[in-house]
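Two chains, each in its own frame: build the complex with the hints.
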Amino acid sequence: MLRYTANRLLLMVPTLIGVAVLVFFMLRIIPGDVVEVKLRADGGNVSQQTIEVERKRLGLDRPMAVQFADWMVGLATLDLGTSMWTTRPVREEIAIRLELSIEVAIMATFFAVLIAVPLGMTAALMRDTWIDYVVRLVTIGGLAVPSFWLGMMIMIGLLTFFNWLPPITFTPIYVDLKENLTQLVWPAMAVGYRYSAVVARMIRSSLLEVLGEDYIRTARAKGVYEKLVIGRHALRNALLPAITVIGLEFAFLIGGLVVTEQVFNLNGLGKLFVQSVSRSDFTLVQGLVMLIALFYVSVNLVVDLLYAVFDPRVRYR
Amino acid sequence: MRRLTTLRVLAAGLLAAGLAGWPAFADEPKRGGILNLAISAETATYDGIASDTFATMHFAAPFYSELLKFDLASYPKLKGDLAESWSVASDLKSYTFKLKPNVTFHDGSPLTSADVKASYDRMRKPSPGVVSVRQATFEDIGTIETPDPLTVVFRMADVNPGMLEHFASPWNFIYSAAKLAQDPKFPEQNILGSGPFRFVEHVRGSHVQGVRNDKYFQAGKPYLDGFRGVFMLQPAAMLNAMQGGQVLGEFRGISPAERDRLKQAMGDKIRTEESSWTLNLLVSFNTQKKPFDDVRVRRALSMAIDRWGGSQGLARTSTLNGVGGLMRPGSTYATPEAELVKLPGFSKDIGASRAEAKKLLAEAGVPNLSFKLLNRSIAQPYTPAGVFLVDQWRQIGVTVENLQQETSPYFAALSSGNYDVAVDFSNLFMDEPTLGLSKYVSFDRAPENRSRVIDRDIDSLFDKQRHSVDTKVRGDLIRQMEKRTLEQSYSVPLLWWHRIVATNAKLMGWQMSASHLLGQDLADVWLAE
Chain A
0 MLRYTANRLL LMVPTLIGVA VLVFFMLRII PGDVVEVKLR ADGGNVSQQT IEVERKRLGL
60 DRPMAVQFAD WMVGLATLDL GTSMWTTRPV REEIAIRLEL SIEVAIMATF FAVLIAVPLG
120 MTAALMRDTW IDYVVRLVTI GGLAVPSFWL GMMIMIGLLT FFNWLPPITF TPIYVDLKEN
180 LTQLVWPAMA VGYRYSAVVA RMIRSSLLEV LGEDYIRTAR AKGVYEKLVI GRHALRNALL
240 PAITVIGLEF AFLIGGLVVT EQVFNLNGLG KLFVQSVSRS DFTLVQGLVM LIALFYVSVN
300 LVVDLLYAVF DPRVRYR
Chain B
0 MRRLTTLRVL AAGLLAAGLA GWPAFADEPK RGGILNLAIS AETATYDGIA SDTFATMHFA
60 APFYSELLKF DLASYPKLKG DLAESWSVAS DLKSYTFKLK PNVTFHDGSP LTSADVKASY
120 DRMRKPSPGV VSVRQATFED IGTIETPDPL TVVFRMADVN PGMLEHFASP WNFIYSAAKL
180 AQDPKFPEQN ILGSGPFRFV EHVRGSHVQG VRNDKYFQAG KPYLDGFRGV FMLQPAAMLN
240 AMQGGQVLGE FRGISPAERD RLKQAMGDKI RTEESSWTLN LLVSFNTQKK PFDDVRVRRA
300 LSMAIDRWGG SQGLARTSTL NGVGGLMRPG STYATPEAEL VKLPGFSKDI GASRAEAKKL
360 LAEAGVPNLS FKLLNRSIAQ PYTPAGVFLV DQWRQIGVTV ENLQQETSPY FAALSSGNYD
420 VAVDFSNLFM DEPTLGLSKY VSFDRAPENR SRVIDRDIDS LFDKQRHSVD TKVRGDLIRQ
480 MEKRTLEQSY SVPLLWWHRI VATNAKLMGW QMSASHLLGQ DLADVWLAE
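Heads up: the sequence lines are chains A and B, in that order. Numbering follows numbering that gives the first Met the number 0, with no gaps: position 192 of the first sequence is 191. Numbering follows numbering that gives the first Met the number 0, with no gaps: position 262 of the second sequence is 261.
There's no promise every hint is true.
On the chain B side, residues computed to face chain A include the following (Cβ under 7 Å) [unchecked claim]:
| # | residue |
| --- | --- |
| 1 | Glu27 |
| 2 | Pro127 |
| 3 | Gly225 |
| 4 | Val229 |
| 5 | Gln242 |
| 6 | Gln403 |
| 7 | Ser407 |
Calculated directly from the structure, the hints in this document are not laboratory data. A quick note: this is a predicted structure, and the numbers were derived from the prediction, not measured. Glycine included, each C-beta is placed from N, C-alpha and C at the ideal position.
Chain B with its partners taken away, still in its complex shape (with noise of 0.2 Å):
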């Protein structure tokens, strides 16, 4: 009777245990298979601190490791990739990180803190000859000590508040020393990290190779055996491929006309995942052309633009969607609504902000204003932006060319200040307050400010926010500066991006983010088939 009860007994825990297991059993990572994904634009370099842009971020973020990461389950929290642990000093002079033991490049040669201290002392000091996109950044730093191999210690030469953040970019790749010391321009064309992955090919203007680190220091990962990154420039043949299921995921986004042709096309076996996007669409007013020299003929035509009913009708037919000021709709610092409106160019009464608008270019003696816009000639969301622009402009009677130019051209446009007005963007991976306001300080401070413009006031609300450790008072200097920026219209913005990604519901692990920066070093993606 006894031996029956413990069957019985064992029997039902079994079951109990089996049931309660199940849908764990069912996500379980499964190892092998080989990820085909879309990115739909090539790089020049494979260098994390020479670029900005996707391109160079999906292609080589799974070869290379960081020292810490965003983690995307609970974003914006931070956790360690190559830093075992970190501790910051209580009046933010120093960061001191304690690296894991054992990781090796994918050489073999093994990773230390002189590997740390080489790869951002090349971003803050670049040779001669190198790029760096992140010396801004990282000036803070005043000096990179490395008391022992697995010790790295930053010491400030002043105080930032958002350098903890700072030190999770996903750019902020470790390379080699030696490399380094070599060839300062090693990682341009060549690839060696500690990543997920290990290179295996670039086929120009085909794909990019990368197979499973077998070494890499997160044990057990990463789960696939290998990816292939194929270039598809042309969406319709991304959409096609996806619909066919020659790739898996393309991680930039997609405009909502794309996931409605996928949702149909596919039904489940697609997942779309939606986020708001740390991206913000500007218009750009070059200040060094006349009339833009003139505050009320840059306000007059940010007045006139309809951004919270071009936010319903933009929603629908591109990646365009959040009226907001200069940081995210919804993050920490963002403006409320209610004060918002109060700022030109954001009222809900359009017909009286462009009454006003009117006004405005009459008393500047330009009436009947005509200039060229430049622009992007990438359809999402740059082309149907343009046309926006061009209907909300005519509305108070000035006439706009929409000159839309490949990015090359348009980029090249934007550095030599040959445009009179310029759809522009600000691209971010996190909402820290310094990295999204950098873009509006002095031009001679930051060229990428497309309106050339230099206020010292802005300058100096920028520096005291950035250098304040006080939350309340931070938030109220940022506000001050985004006031004198939309008051005086130098570079507004238009509308915020929104973020949607489609998955072939076989991808698995990959997490959805406000950032296409974010998440891309593939070390938790597996195949479900």
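Chain A extracted, bound-state conformation (with noise of 0.2 Å):
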């Protein structure tokens, strides 16, 4: 297991260095040059002069060759340098967001997880009942309402029912718990409920999958419990592309949520890439899909690692 991890461990640095290598390129290619766009961002006269000068304060003057291997050393140093619209180190804007961001995730994961196995084994173990179709019109709901549609539905009950809104400003859970929670639950529901319906499904089609293996038919055949036939064998290997699933989603919404964080008024990641992107902010957009890569290629990390706790072929191979 040990020798499994670490090998798990190495492939994820050429695959940064990859991402790395790809978008520092990839961003000189598109047109735009941020210095313009910022300086001439409210329409201003700015000279000629001005502009060369704030290109060489950003080391914009300077030979590609040069500039990627100051990115390429900085990351080795973990400086991902400075953000080119607000002259502010790049760790510093993504710090801002990152707790926000990742407490969203998890607690849309909670939120997902724990009305996704429920569902979906239900749904399994009932098929074709009454039951079976009703959480199967909930989960093909939830797939097919767009999260930030259902946000501002949720803003628009809370305003009509209760008068009441959560927090427009984000209290770090170790401010004050309540009024963290108070702010980010609502967002976590509205993106947990398409979570949730996705891993409902993918969890109600491997279970039945597995239900259909000899090796249940064996052990019920024994005279196995039937808590047990589903509990230990059929749901422990259901459970594995769920787990997928559910890794891939949590590092999709690190940075995914454009509009729902717009629909909440939410300070996280989603709008800070989306703003990066369109300012030209080479630097920033570098750090931000560096951050995103890191953590899709550890999800992918940890699920790999689940895999071999669920399943002793893997980490035997």
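Here it is in structure tokens:
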């Protein structure tokens, strides 16, 4: 298991280096000059000399190879550089939003798993009964309804029925737990519904598949209690594809909640991502892409390790 | 008996005084409370001289003071801010300001004439790397003298009749000379002012926060303990927050539909105020591109727009309303309607105008013209304006694609000239002609002229009006410049904006004006509960 974990960890390094190289050069191909966009953002009259001074200050006048070397050295020392738009360290810009985004992702995952596991199991075990149909209807609804729309409905509902809205600025969990949860539980629910629908459908289909396997029939023929058949043999195997989906969805939530964040006025990474792209803020986009890539490979690592825990064949391969 | 009479008189007097005083007592400003307000954009810079957007103004104004301010109760009259008094030489060649004594910056350092001089020098002659969009405004200043710590004298190189109003520009924040000497770019990312509020924090993407400046030079002000400006980029989220009472105001402006929604939901708990707006939405034809280098094409496109009919419809759905020329309708130098309708594009007979427009396009050899309209992806009023223009031009056989872009790429395209026709705007804070007309002078003098034209006749008329002290002569020159601009149809007005501001009934002391850049320091604002 240790060797398996070490192998997986080592594989992360070339993946991240590949992402770093790609993101650096691809951003340079895209048209748009951050300095011009920034200095003329308000329609002001800015001389070419001022633009050149700013380009020099940001190091954009240096050869691309030198900029790339700088970026890679910075990455190795966990220095993501300075935002070209705000002139603040990229790490600082991300840190302000990261806590909120991770919290929403964790709460949505918790919410999704809490709903999806019993729903998916019930639907599979009561296949083609009215309960199954209801669950399928609920999950199809989750896939069909955009999270931001559900978010808007939640807000309008809270406003109409309770004349109340969640806080509009973020309070860290260690400052005020109640205030923090009061703000984030609603967006977590809005995105968690879609998330739970995806996972519930995955659990239902994989559980149905596993329940048709020979070893389940054998277990039942041997007279093993049904609860044991389901809990120990069927569910354990059926959860494997669901774990993959949960992991991928979690990584997506870190930077993908662009519209939902705006509905709830959340200061998250999704909004920052869109802003930094529209402002051609290369260093910030690079930092965000690396962060999200890191989340994806880390989540994949965790999923791989869980596979090994649930399925011994993986770790002994 | 005498004692009884005295008591009666005293009681009657007290009662009368009480009754008379009651309304005044009810309107008495109350101290305390934190004001939450919405700011519908987030600024990249804190520096007033580098910006032209309300995002910077609504963020930074509560932290700074200026020499003069517009008195919104009797706009466009001026009042002193840092200036205790001022005098203007009869030949308009010098302006002398006496500063209020004992004014300090928020770090406790004294504010003197040296700070005023350093701030104005930075605006008119910025160091390399410092962006000043106010450079042209103050180019008529020759020298700035500081005979003593409380006196500043501006000696003019050229006469400018609008100069005093320019000293009241809300952008002229006074910075610390010492800080500017250390780093001329200091105000870009740091805040050190002498305004009613001290800076606490700017959490990027979230909010800006300030607390009361207890040493503010206006005794007893500000009334609030502090304020928090929350960045709310989504109008729906902002309206929800207004309705829920989480923010008590947004001072840029909302659309008629948003006003109606808030009124319906909140009844007398919401207050709405309306005014014409010192913002003019323009259509700029890129004269450096064919066929827009042909005056017939430009004029035809301007003449196809039914401004009078459009103002009726757009006023119901957007923040557009007033039909006017280059100066705001109703302002001193605005063209009267009787004269305006004689100018190309402003006739009330739209049928005849469009027939003439078709003829002009045919003469120019482009009867089936098609092009892209560069527009900004902000709902109000850009989207309805773009849709309206596409429809207007369709009626003379012109096919147009409304290309809406995010603010930054939109401005980048405008600056690089990468467009055929653009929806543009003129954003003013007062009706002073030199400020309002500077956008229409030749491109080599005014890069913000999005038609990118060089027209020395217009430049000449602009310069003559700029230095003219005779109001009548000046008015005639302005009218000639406007006629030339509209006949050549370089940049033409579409409609003037209409400002609607909704504030919670608890919010008191904030004053409505024709500009969303004025009156944002929150010094007079207080909370009724």
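Taking the hints in turn, this is what the structure says about them:
1. Given hint, Glu27/B at the interface with chain A, is violated; its Cβ is 29 Å from that chain's nearest Cβ, farther than 7 Å.
2. With a least beta-carbon distance of about 5 Å to chain A, the hint placing Pro127/B at the interface is held under the 7 Å criterion.
3. With a cut of 7 Å, the hint placing Gly225/B at the interface with chain A is violated, because the nearest CB-to-CB distance is about 14 Å.
4. With a cut of 7 Å, the hint placing Val229/B at the interface with chain A holds, because the nearest CB-to-CB distance is about 5 Å.
5. Against a cut-off of 7 Å between C-beta atoms, the interface hint on Gln242/B holds, since the closest Cβ of chain A lies about 6 Å away.
6. Given the 7 Å rule on beta carbons, the hint for Gln403/B is violated: about 13 Å separates it from the nearest Cβ of chain A.
7. Because the closest C-beta pair between Ser407/B and chain A is about 5 Å apart, less than 7 Å, the hint holds.
In the structure shown, a violation is registered for the earlier hints numbered 1, 3, 6, in ascending order.
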